[in-house]
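One rule links them: number in the working numbering = place in the sequence shown (from 1) + 208.
Read the hints as simulated data drawn from the structure, not as lab findings.
Watch out, some of these pointers could steer you wrong.
[Unchecked claim] Calculated cross-link-like contacts (lysine to aspartate or glutamate; reagent style EDC-like; alpha-carbon spacing at most 20 Å):
#, residue 1, residue 2
1, 221, 248
2, 221, 241
3, 250, 266
[Unchecked claim] Derived CB-CB ranges, DEER-like:
#, residue 1, residue 2, range
4, 254, 224, 32 to 42 Å
5, 250, 212, 16 to 26 Å
6, 214, 256, 37 to 47 Å
For every residue, glycine included, the Cβ atom is placed at its ideal position computed from N, Cα and C.
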Amino acid sequence: MKGDLETITSLAKRRGFVFPSAEIYGGFAAAYDYGPLGVEMKRNIRERWWRSMVQERDDVVGLEA
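All chains, full assembly: derive it from the sequences and hints.
Right, dumping it as structure tokens:
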């Protein structure tokens, strides 16, 4: 399992989805900033989740606080 996470993290860094957080300033080892592709992926996931969990259900009302 740990090898899988390292493989996915390495691929995401190589493809520009994430970058080590504040790398040039000695940021935290486990923190990442989203690159341009990562921002789009995060936005798409959030929008699809909201649509399936809130907008498509009659028994749920959306609330952002």
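Hint check results:
no.: 1; hint: 221 to 248; in the structure: 15 Å, holds
no.: 2; hint: 221 to 241; in the structure: 10 Å, holds
no.: 3; hint: 250 to 266; in the structure: 25 Å, violated
no.: 4; hint: 254 to 224: 32 to 42 Å; in the structure: 19 Å, violated
no.: 5; hint: 250 to 212: 16 to 26 Å; in the structure: 20 Å, holds
no.: 6; hint: 214 to 256: 37 to 47 Å; in the structure: 27 Å, violated
Hints 3, 4, 6 from the earlier list are contradicted by this structure; the remaining hints agree with it.
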